[in-house]
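Engineer: Read off the chains here:
2 protein chains.
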Amino acid sequence: MPKFGINMVYIAILGHGVVGSGVVEVMLHNADNINSRVKEEIFIKHILDLRSFPESPLASRFTTDFENIINDSEIRIVVEVMGGVHPAYDFVKRCLLAGKSVVTSNKELVAVKGAELIRVASENNVNFLFEASVGGGIPILRPLSQCLAANRVSEIAGILNGTTNFILTKMIKEQVSFEDALAEAQSLGYAERDPAADVDGHDACRKICILAALAFGKHVYPEAVYTQGIRSVKLEDVAYAENWGGVIKLIGLVREVENGKLQICVAPMLVSRESQIASVDGVFNGIKVNGDATGEIVFYGRGAGKLPTASAVVADIIDCVKHLSARKYLFWEDCDGSNIESYSKDVTGMYFRFKGDKAKILADAEERFGELKLLSRKGASEDEIAFVTTPHTIEELESFKAEQINQGAELLGSIRLLA
Amino acid sequence: MPKFGINMVYIAILGHGVVGSGVVEVMLHNADNINSRVKEEIFIKHILDLRSFPESPLASRFTTDFENIINDSEIRIVVEVMGGVHPAYDFVKRCLLAGKSVVTSNKELVAVKGAELIRVASENNVNFLFEASVGGGIPILRPLSQCLAANRVSEIAGILNGTTNFILTKMIKEQVSFEDALAEAQSLGYAERDPAADVDGHDACRKICILAALAFGKHVYPEAVYTQGIRSVKLEDVAYAENWGGVIKLIGLVREVENGKLQICVAPMLVSRESQIASVDGVFNGIKVNGDATGEIVFYGRGAGKLPTASAVVADIIDCVKHLSARKYLFWEDCDGSNIESYSKDVTGMYFRFKGDKAKILADAEERFGELKLLSRKGASEDEIAFVTTPHTIEELESFKAEQINQGAELLGSIRLLA
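So the protein lines, in turn, are chains A and B.
Position one of the first sequence corresponds to residue 204 (the working numbering), numbered consecutively onward.
Position one of the second sequence corresponds to residue 204 (the working numbering), numbered consecutively onward.
Isolated chain A (complex conformation) (with noise of 0.2 angstroms):
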């Protein structure tokens, strides 16, 4: 119960899942640290769920309906960690518009409503913040915004999934097949049933769009942005990226171009051994941030789960009641895409692995594209062949590709670098 004679801020938790379970054990469990931090008792009093939690602590404190939440106006926080777009979306705007500030850890709305819910919490003069939608429990939204204070940020380059980063480092570290792999991964609860948002990459897409929008200032909306998962990337590649001196990961990038528009896309790709991204390894997110004055920065950690994801939400929750009348500045304008280069018109080294007549096949790559590096693993048949060209377009490299498999060679796999 509130205890009287000090400042109460009353907040209310819109879901009671994985992440929302967590927020509230995050701030049962160090009331007294973040009461003293805010100089104000933070008080739940609201926690929004269809389903009933009678063994929960604060079992009293449910409700069904969000206009109990919506229409309390001593309710000046609200946390929303439902995910997905609907109902978030509609319950996130009529809070900011009723002079609510929000906290999110739903990388899915940032990403796809994220200018229009900042813009619509600065005409409210509320904050909405989601420094848990990217990195789980990696501070890196507000330490970027940070470094963008007295930088240019120029590339940010990031293993943002931790459960293909699982899936990856079995198949590199136990020669675990991706199929396997996978089923490792569901099995401990890293994967869902149905893995397409983090196989395909839709969930790294999602947290390259924001730190994108983040870094340089305009919404990128996920159908933009190139998006390619890791369900082709087989052992052999692996055993050839090792051969190369890397390892190959799921890569979120987004760089400027000389032109002002962004290169950004989400694909596997070879990353040198010598890069600091190649030994993040496990469920472990990396993210390396490149500004013209402090060089390169990368931050660590755990991209997901219940108790780090929480401890980012409630951190927020902290800013936003120290915050309650100065609005905080995380920003981007609305954009129409227009500031998005094609992704063929990307510029990198590409790993090729063919199968068919591997003199003609090199020959014609060096014509094309000059000095090869040619790569070998142990056991590869006669008549395969894999390397790694120097930087092109896209476009010539998809080019060359389909040419090879028009005069009858069989692609056995292509990789871009990271460099």
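By construction, these hints were calculated from the structure, which means they are not laboratory data.
Watch out, some of these pointers could steer you wrong.
As the list claims (entries may be wrong) - Pairwise CB distance ranges (calculated):
(1) A/L253 / B/E277: 47 to 53 angstroms
(2) B/L614 / A/N446: 39 to 45 angstroms
(3) B/S475 / A/E319: 19 to 25 angstroms
(4) A/K464 / B/E228: 24 to 30 angstroms
(5) A/S475 / B/K437: 28 to 34 angstroms
(6) A/D495 / B/N328: 51 to 57 angstroms
(7) A/E377 / B/S602: 38 to 44 angstroms
(8) B/F256 / A/L300: 49 to 55 angstroms
(9) A/D495 / B/G611: 56 to 62 angstroms
Since the structure is predicted, the reported quantities are computational estimates derived from the model, not experimental observations.
Note that CB positions come from ideal geometry on N, CA and C, so glycine has one too.
We have chain A; now place chain B onto it with these hints.
Structural biologist: Below, chain B without anything else, positioned relative to chain A:
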């Protein structure tokens, strides 16, 4: 010149050395971006330096007299980038007492006088910010403060000094001796002619003191911290570390132990290749923070240098301008050292290298420590033995060392493990 019609925030900079000139460069280079962020115009009105800089675009703003700054009531923020405790301490304290916020990059000042200056800042309702004092351009203090909001930090372990990390990396990757690697660091400008502050661990000590104070809430004075540099690390030790499965790094370490006290030290340590810290090479820094909710988080980047450090200073300036009327919460209390546990009670595995009666040394060690991990290297003489013990107190480990030396063995090396 100031533009009319825009709010001006006047600042002064104490010192125009490497960092000070970097601050001016970043401020001028990013003026539009910075001013739009703070929605005011930041105007560098005075720069204090005994030298004159006729070529500087701000040549007319230099002064040699601190009184011109302290007596200028228009100055709201003073940036101290002189280094050293005196006269920086007197200048900073007078500024805070005069109601001016202070931003500093001076780790020695913060490590020695932090608790007092934080208190004075608090009493005068101004800010005292020092992000650049640890980790150069890596955002660490603010993210740590954010992590702390919802976490109990259990341990911080960091590579906090770029010069020693450059030297150790040369020793590990190129088998260059300590002396030659130091000479190269000096010729490249990474090490001072008198390298004591770096190679004897004092610089790393100041930084772990600041991190410990922020994480655990009480000031830690550098003289209370067991501090050992890297002068005694030999290429033979590097080879044994490799055989063990790791690398030697100079680590600043602080952890809370069961009695609530802090174990804190700076020492070379064997770091497993599995650790994210092991791959932090060259002049880079890496700081690992363990929190109960977030788990392990690592921050990586350039820990020193003109522009990285300046960018952290400028981020603090911007934060000060945004919070001219609200205090930021970077806070700890003074403490008499009673919160520091004796180093002799620290528990760790230890690597030993002896010359002498191998069978006798081994039997004695096994009797004391149980199972040992024996190590080997190419070219070791017949009477050289190296091994790693299970975790024991420093007291027990030192007692064994003294016993062996007493019995005629020659101690060639001993390095603790980071675990």
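Engineer: The structure should be examined with respect to each hint, and the outcome stated for every one.
Structural biologist: Okay, the hints, checked on the actual structure:
| no. | hint | verdict |
| --- | --- | --- |
| 1 | A/L253 / B/E277: 47 to 53 angstroms | violated, 59 angstroms |
| 2 | B/L614 / A/N446: 39 to 45 angstroms | holds, 43 angstroms |
| 3 | B/S475 / A/E319: 19 to 25 angstroms | violated, 47 angstroms |
| 4 | A/K464 / B/E228: 24 to 30 angstroms | holds, 28 angstroms |
| 5 | A/S475 / B/K437: 28 to 34 angstroms | holds, 30 angstroms |
| 6 | A/D495 / B/N328: 51 to 57 angstroms | violated, 35 angstroms |
| 7 | A/E377 / B/S602: 38 to 44 angstroms | holds, 43 angstroms |
| 8 | B/F256 / A/L300: 49 to 55 angstroms | holds, 53 angstroms |
| 9 | A/D495 / B/G611: 56 to 62 angstroms | holds, 59 angstroms |
Comparing the model with each earlier hint shows violations of hints 1, 3 and 6; every other hint is respected.
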